Amino acid sequence: MSDNQNLLAEQRRALILEEVRRRGGVRVNELTRRLGVSDMTVRRDLDALARQGVVEKVHGGAVPAAEASSHEPGFEAKSSLERDAKEDIARVAAEMAVPGSAIALSGGTTTYALAHKLLDVPDLTVVTNSVRVADVFHAAQHGGAGAVAAGAATVVLTGGVRTPSDSLVGPVADQAIRSLHFDVLFLGVHGVSVEAGLSTPNLAEAETNRRLVASARRVVVVADHTKWGTVGLSSFARLDEVDTLVTDSGLPDAARARMAEHLPGLVVAGGPEAA
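When we follow this note's numbering, the leftmost residue of the sequence shown carries the number 815, and every step to the right adds one.
Errors might be hidden in some of the hints.
Label-pair ranges, simulated between beta-carbon atoms [unchecked claim]: (1) Gln989 / Thr855: 23 to 33 Å; (2) Glu870 / Arg848: 14 to 24 Å; (3) Ala1069 / Arg1031: 19 to 29 Å.
Think of the hints as simulated: they come from the structure by calculation, not from any bench. These numbers were taken from a predicted model, which means no experiment stands behind them. For every residue, glycine included, the Cβ atom is placed at its ideal position computed from N, Cα and C.
Please take these sequences and the hints and turn them into a complete structure.
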């Protein structure tokens, strides 16, 4: 299959997943009409989404997967979801990074997208517990696209135990973070809700995220609309500990209004900002 065909498949599967989540389920025949593809193509797409653990196949269609609160998808599985939303969020969040400042980036696919946008911000000191994020800056500084010798970032990668999402967590990471202070933390999350605040399926990651929040003067959460209402096993921060949440235009109006009631700042990428 060609690269172009792969890209089209990814886009199609993202549309299918969005429809499943929005409606609570879809039928194969509905998807074939809407997407203009064959029954077999739709079934292959559903098989691929089911392997990623984001949908559950049922007779004649699919429904959202009923994930356990302790389930943590891998980085590759998450990176194929909501790509456009993550790019929009990253573009807006990157404008909040001041040249010459000390910032922290947690693990996650949205912070990974943000890291690429931050290559153009000069003289940053970047602390991260994400192997993927560190690799972005390393590649840029060693001949990759976007390398800028004069204003290259200084990157500090914490130690720790690697999670399925390629974050480093645990006592080693916690100790390293405890002695540092950041101007701003860009924080990716598994779930956001009024009741549970920010949460993750990984207990060790929750503790490391608490340390990141405690070490930051300003906390910016970067989370696409699918994270709203999701609750992981362990909460690590209340919504009132977040200074700004950057999300995308897929967030329903009712959810925006409720978020705005509990957050000092809500920014919708590509949409209006709610104080």
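Outcome of the hint check:
1. Gln989 / Thr855: 23 to 33 Å: Hint violated: Cβ distance 50 Å, outside 23 to 33 Å.
2. Glu870 / Arg848: 14 to 24 Å: Given about 20 Å between the Cβ atoms, the range holds.
3. Ala1069 / Arg1031: 19 to 29 Å: holds (28 Å)
Violated hints amount to a single one, hint 1; each of the other numbered hints is respected by the structure.
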